[in-house]
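Here the protein sequences come in this chain order: A and B. Using the working numbering, the first residue of the first sequence is number 126, and each one after it goes up by one. Using the working numbering, the first residue of the second sequence is number 126, and each one after it goes up by one.
Only true hints are included.
Since the list gives no way to pick out one identical chain from another, each pair is judged satisfied if it fits inside one copy or across any two copies.
Lysine-lysine pairs mimicking DSSO-like chemistry, simulated, CA-CA at most 27 Å apart:
#1 171 - 215
#2 171 - 353
#3 197 - 215
#4 576 - 560
Read the hints as simulated data drawn from the structure, not as lab findings. Being a predicted model, the structure only gives us computed values, none of them experimental.
2 protein chains.
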Amino acid sequence: MGEVDTLYARFMELRAEIAYLNSANCVLEWDMETFMPEAAADVRAKVMAHLSGAAHDRAVSPEYGDVLSALKERLDAGRLQGIRAATVRKCWKEYERERKLPGEFVRELADLCASSHHVWVRAKDNSDFGAFLPNLQRIVELKRQEAGLVGFVGSPYDALLDVYDPGTTTADVERVFRPLRLFLSDFIRRVVDSPHQPDAALARVSVPVATQELLCRRMAESLGFDFKSGRLDTSVHPFTTRLHPGDVRITTAYKEEDFLDALYSTIHEVGHGIYEQALSREHYGTPVGEAASYGFHESQSRMWENLVGRSRQFWEFYLPCLQHHAGLLLGVGPGDIYRAVNIVRPSLIRIEADEVTYNLHICLRFDIERGLIEGEYEPQDLPEVWKGLIREYLGVEVPDDARGVLQDVHWSAGYFGYFPSYALGNLYAAQLYAKAQSDIEGLEDGFREGKFRPLFDWLRDRVWCHGGALEAPELVTRSTGSPPDASHFTSYVERKFGEIYRI
Amino acid sequence: MGEVDTLYARFMELRAEIAYLNSANCVLEWDMETFMPEAAADVRAKVMAHLSGAAHDRAVSPEYGDVLSALKERLDAGRLQGIRAATVRKCWKEYERERKLPGEFVRELADLCASSHHVWVRAKDNSDFGAFLPNLQRIVELKRQEAGLVGFVGSPYDALLDVYDPGTTTADVERVFRPLRLFLSDFIRRVVDSPHQPDAALARVSVPVATQELLCRRMAESLGFDFKSGRLDTSVHPFTTRLHPGDVRITTAYKEEDFLDALYSTIHEVGHGIYEQALSREHYGTPVGEAASYGFHESQSRMWENLVGRSRQFWEFYLPCLQHHAGLLLGVGPGDIYRAVNIVRPSLIRIEADEVTYNLHICLRFDIERGLIEGEYEPQDLPEVWKGLIREYLGVEVPDDARGVLQDVHWSAGYFGYFPSYALGNLYAAQLYAKAQSDIEGLEDGFREGKFRPLFDWLRDRVWCHGGALEAPELVTRSTGSPPDASHFTSYVERKFGEIYRI
Chain A
126 MGEVDTLYAR
136 FMELRAEIAY
146 LNSANCVLEW
156 DMETFMPEAA
166 ADVRAKVMAH
176 LSGAAHDRAV
186 SPEYGDVLSA
196 LKERLDAGRL
206 QGIRAATVRK
216 CWKEYERERK
226 LPGEFVRELA
236 DLCASSHHVW
246 VRAKDNSDFG
256 AFLPNLQRIV
266 ELKRQEAGLV
276 GFVGSPYDAL
286 LDVYDPGTTT
296 ADVERVFRPL
306 RLFLSDFIRR
316 VVDSPHQPDA
326 ALARVSVPVA
336 TQELLCRRMA
346 ESLGFDFKSG
356 RLDTSVHPFT
366 TRLHPGDVRI
376 TTAYKEEDFL
386 DALYSTIHEV
396 GHGIYEQALS
406 REHYGTPVGE
416 AASYGFHESQ
426 SRMWENLVGR
436 SRQFWEFYLP
446 CLQHHAGLLL
456 GVGPGDIYRA
466 VNIVRPSLIR
476 IEADEVTYNL
486 HICLRFDIER
496 GLIEGEYEPQ
506 DLPEVWKGLI
516 REYLGVEVPD
526 DARGVLQDVH
536 WSAGYFGYFP
546 SYALGNLYAA
556 QLYAKAQSDI
566 EGLEDGFREG
576 KFRPLFDWLR
586 DRVWCHGGAL
596 EAPELVTRST
606 GSPPDASHFT
616 SYVERKFGEI
626 YRI
Chain B
126 MGEVDTLYAR
136 FMELRAEIAY
146 LNSANCVLEW
156 DMETFMPEAA
166 ADVRAKVMAH
176 LSGAAHDRAV
186 SPEYGDVLSA
196 LKERLDAGRL
206 QGIRAATVRK
216 CWKEYERERK
226 LPGEFVRELA
236 DLCASSHHVW
246 VRAKDNSDFG
256 AFLPNLQRIV
266 ELKRQEAGLV
276 GFVGSPYDAL
286 LDVYDPGTTT
296 ADVERVFRPL
306 RLFLSDFIRR
316 VVDSPHQPDA
326 ALARVSVPVA
336 TQELLCRRMA
346 ESLGFDFKSG
356 RLDTSVHPFT
366 TRLHPGDVRI
376 TTAYKEEDFL
386 DALYSTIHEV
396 GHGIYEQALS
406 REHYGTPVGE
416 AASYGFHESQ
426 SRMWENLVGR
436 SRQFWEFYLP
446 CLQHHAGLLL
456 GVGPGDIYRA
466 VNIVRPSLIR
476 IEADEVTYNL
486 HICLRFDIER
496 GLIEGEYEPQ
506 DLPEVWKGLI
516 REYLGVEVPD
526 DARGVLQDVH
536 WSAGYFGYFP
546 SYALGNLYAA
556 QLYAKAQSDI
566 EGLEDGFREG
576 KFRPLFDWLR
586 DRVWCHGGAL
596 EAPELVTRST
606 GSPPDASHFT
616 SYVERKFGEI
626 YRI
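Excised from the complex, chain A in its bound form:
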């Protein structure tokens, strides 16, 4: 055992060195999005590319390979257990993937995606898909190649999906999305047809930015975000950066005329942030010290944003606070504001979509991505495919490509396989929340008094403590007692929105 200990200790040192480079890059990225002066953009991109390259070099270096291979042998011989076994298994998988991608290929893809960002921004601004098409064609070509290099059993899309949601295949996603699509299409039609529409005007609350900052900070604190181990700042698009569990930074964006937008962005990022703060410091730098998957991460942010933050009980607590302490929403009742923040309306833009229609935006992107990687579609087909699918799923007409196929940053960045995690997150959230409800007596009654700690503690003790030791589907199964299943989400939607829209 002494020999394995030494080997493992060296392995942890090598992982720490990679983690230090990644952590430095995260500070640079966070700084770039929050505080960096504009004249620094070019050099910053070079510094970040250099650090990424250095981290990749270490992750495929001979010493790292030797130490990891030696540990893999011990794993196969049954000489590693528990966390160590999980760590080596996950790292080996990562390493196998990295090794299959030639340095040349990695660099070309990274360069292409970095330089495509501005092309995409300009194309979107001008709603000119043709201007982005050559970049997209090359990116799709390389992503198809990547799938081939990595290898796959079912669909080539599996090889890409696996980066974001390991343990979930294209067939798994399809199996979950198909009934979800049918349910949602029908349900949304009934919502739209309902004569009982909430008053949307109530949800637009005008508040000075300084006051919004204070209110969002307080909300983050009351949901359990630890400001000794994190920060809340401002950026154009809200995001969460994790440098270390002791340094988790979330951002939000303030518009004077729309306080609730900042509030819900903050709650969403707090959901990501408290998960990151709870991850193991001991296993920092290894997959066990990280989140289970992108989809699982999203389940945490969506749970706090939607299942908690858009609940009636939340507003029974928070509306009086806003009325008494900030003089906001005077004369409004909790039921009114609850309905106003839960309006369901088919729309063009994913990031503005409500809780119910959101998943159809994801189904559409999944269909397109899979079709592209499997060769069913070519990039030039996309604007028409998009228009057809969004008409079919959501019944809306696309007026231009800016509000259609060009709206998301993901494809310009090469993030094929990322989108499904958004919908998986919604499904996991509903399933985990249902279990928390049955485990914690009076969970939602507590919300009425601002008591969010029982849910925080439940998540910490049943879910977060596993870090990335388990793959997301297994983690959901362990935490809830049953495998991932969309029925919790559909029941939740039927109950909540059925009541609001009286359908």
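Following the hints, position chain B against chain A.
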């Protein structure tokens, strides 16, 4: 020439890679001092140490050594001119030094200094020199070794001084400091004995912190600091970080009851900041793209802080602004506030010292450092040596070591050879300023109307444009037409303070 071009281009690439690592480390350091949550301290130290190590490894790597050696041959054969020659000459000198220091030695010194910081902080808090002595002994031992490893002609202290002020020897410093000491001791005695003492109470202006922030930001702008290429933030001790000429960050510290303290800290850092912003982007990553020396850097900050910011004309402009727009210092005259910000009073603490007594604090530290490195003193002698020298130079009695030998951070960090640059900066500032005065008609009359741009432009065109291509003494000589000379400083002091104290 094609071959030299190729070689030089590769050299610039290798320098850029080192610069990227250093630049990343500067962001981490700036973040640590300004925004980092407290729980991140331990990991941050490790990340920074790792990046420093990586930068050092590259600076002594075989490829870097080969390319630089090849260029050095071309230089010796007279095949490099101008900026390229200066760059290779300076880089070769740096490289020679780095190579002479074994990795083992560098790491021990770095570890020792990093771990000595907290020992020094605690020792200072408890005024317990004995608690810091073992660390200081080992640091001095290593610094003596360093001098031996690097080599020297005159004093071993030369080898340490050269890091901060290349081109200046211990004998040069001694030659300048001796008459300065005599002049100042006598002059200060006369100031103290003068019956015409300004009213110190006027200089303590109480202003809400938010207003101070606004005023300091405006001051930075009006002195020429470019916020598109920099930031102004808050930290415990003000400092300037340069990530790149397009990203220069200065900090200040606000105390509600003392606005002028923040104002002068800001002006001082602006002096550093505008110099950094003006350095060459083309030569980023090489000594030519950097400041000429620490002393020269200090000359810029001190010029703006003292020769401009503490001038009568500055207050003739700024006092009405403060009175009319901020309602501050009402009923005070420009002559009164001018005298109040120019009080000369021998004191214990260097960083609180006025323009005149400041240099004696530096002379004292220079005497001690040189004595330690040359073996005249041992670390255990320091408290008594300190007490004796400060009594001799400034006529003040040290009540405890916290306010004596333990007051500065430098020795715990291994910065032997740094202190002289503070006094050299004051001397260079006076000499450069005298030349600017004779070159720019009505320079100080312009200050009366808030016109600082002519001085900025003069410095940019005559001084900053050289970057680090020349060593500081040469740069002073070129810019002013005569070699560094303390007489400009002493004349300035006699004129200004002679008038204020009527002596």
